[in-house]
Amino acid sequence: MATPAIRMFRRLEGLFCVYKPSGVHWKLVRDSVETNLLKGLNATSSQPLPQEVRFLAHPVSETEAPKGLTLSASSVPVLSKHPLVTGPEFQHIRVGVGHRLDAFSSGVLVLAVGNGNKAINDLYRTRVTRDYTLEGEFGTATDDFSHTGRVVERSTYGHITQDKLDKVLAMLQGANQKALLMYSNVDMHSQEAYEMAVQGLLGPEGKSQPILTGLRCIHFQPPNFTLEVQCLNETQKYLRKVVHEIGLELRSTAACKGVRRTRDGPFTLQDALTHHHWTASDVIQIVCNEGQRNEGRYPGNFLSFVI
1415 MATPAIRMFR
1425 RLEGLFCVYK
1435 PSGVHWKLVR
1445 DSVETNLLKG
1455 LNATSSQPLP
1465 QEVRFLAHPV
1475 SETEAPKGLT
1485 LSASSVPVLS
1495 KHPLVTGPEF
1505 QHIRVGVGHR
1515 LDAFSSGVLV
1525 LAVGNGNKAI
1535 NDLYRTRVTR
1545 DYTLEGEFGT
1555 ATDDFSHTGR
1565 VVERSTYGHI
1575 TQDKLDKVLA
1585 MLQGANQKAL
1595 LMYSNVDMHS
1605 QEAYEMAVQG
1615 LLGPEGKSQP
1625 ILTGLRCIHF
1635 QPPNFTLEVQ
1645 CLNETQKYLR
1655 KVVHEIGLEL
1665 RSTAACKGVR
1675 RTRDGPFTLQ
1685 DALTHHHWTA
1695 SDVIQIVCNE
1705 GQRNEGRYPG
1715 NFLSFVI
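Numbering (my numbering), first residue to last: 1415 to 1721.
One or more of the hints may lead you astray.
[Claimed, not checked] Within a straight-line C-alpha distance of at most 30 Å, the following computed DSS-like cross-link-like pairs (lysine-lysine) qualify:
#	residue 1	residue 2
1	Lys1592	Lys1581
2	Lys1532	Lys1581
3	Lys1578	Lys1671
4	Lys1592	Lys1441
5	Lys1441	Lys1651
6	Lys1655	Lys1592
FYI, nobody ran anything at the bench for these hints, they're computed from the structure. None of these values were measured; they are calculated from a predicted model.
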């Protein structure tokens, strides 16, 4: 008969996402989630200890003459099966990581548990895009494109307007749209290409250079500005470099103050578990909700592990 812990373990199957704060390495996030899941499983009420029959010496008073050893049959617990002897019922649970975030970025980090580890590659083969918000600051250039790097140049930014910024963003998006078509393994003059473009399925086969599929400014108050980016095959370092290049195109300089992932495929900030909810019960609940919410949106092998 399966114990309550085993029944809970069987429900930990699928994909879910957590919110990774800035300044924390993704490995630490993954290890923290794994530790909390193990604690939740092992804290589940366990089966009572099995009993065994033993013949124990019958207690006699000191006034009775020792005429011989008296034994009586007693039922006692099997101490060799006690958790303090055998250790925790679960000592390892595999938690996989999807598209990683570097230590200085924050946002949605997709994790997998159980057979959900097999679904991560299926999810990425669907050519899902990811959304970011990038916070930039005009007037400074650094060696690593972030505001914490070594300053290599300072410049003026009073001539920059939102109209000029929007024109540069439109130019970058147009260039990336051409790259998207170039890396797509499909004839651009075919009906297949048209149908894929309408459904938003047009994209590179496998790995390619980073591609920005969407780019717009959502906040402009010089020297600070905020961009909303939709992309494929990106890295956070590449996104910081994009902010730097935007500054150069505007005949100024710019450094990235923050990178925040707001969506990874079907997973959004609203689905992400914060640090206080990295528990077995919360993970089970969100895995079930994700399976129901994404039913019909993604094909075959992916759904078989999400649900």
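Consistency of the hints with the structure:
1. Note on Lys1592 and Lys1581: the hinted pairing holds, with a Cα-Cα distance of about 17 Å set against a maximum of 30 Å.
2. A threshold of 30 Å between alpha carbons decides the hint, and for Lys1532 with Lys1581 the separation of about 42 Å lies outside it, so the pair is violated.
3. Between the alpha carbons of Lys1578 and Lys1671 the distance comes to roughly 21 Å, so the proposed pair stays at or under 30 Å and holds.
4. For the proposed pair Lys1592 and Lys1441, the alpha carbon gap of about 36 Å is over 30 Å, so the pair is violated.
5. Distance hint between Lys1441 and Lys1651 is fulfilled; the C-alpha atoms sit about 18 Å from each other, no more than 30 Å.
6. Distance hint between Lys1655 and Lys1592 is fulfilled; the C-alpha atoms sit about 20 Å from each other, no more than 30 Å.
Violated hints for the displayed structure, listed by number in ascending order: 2 and 4.
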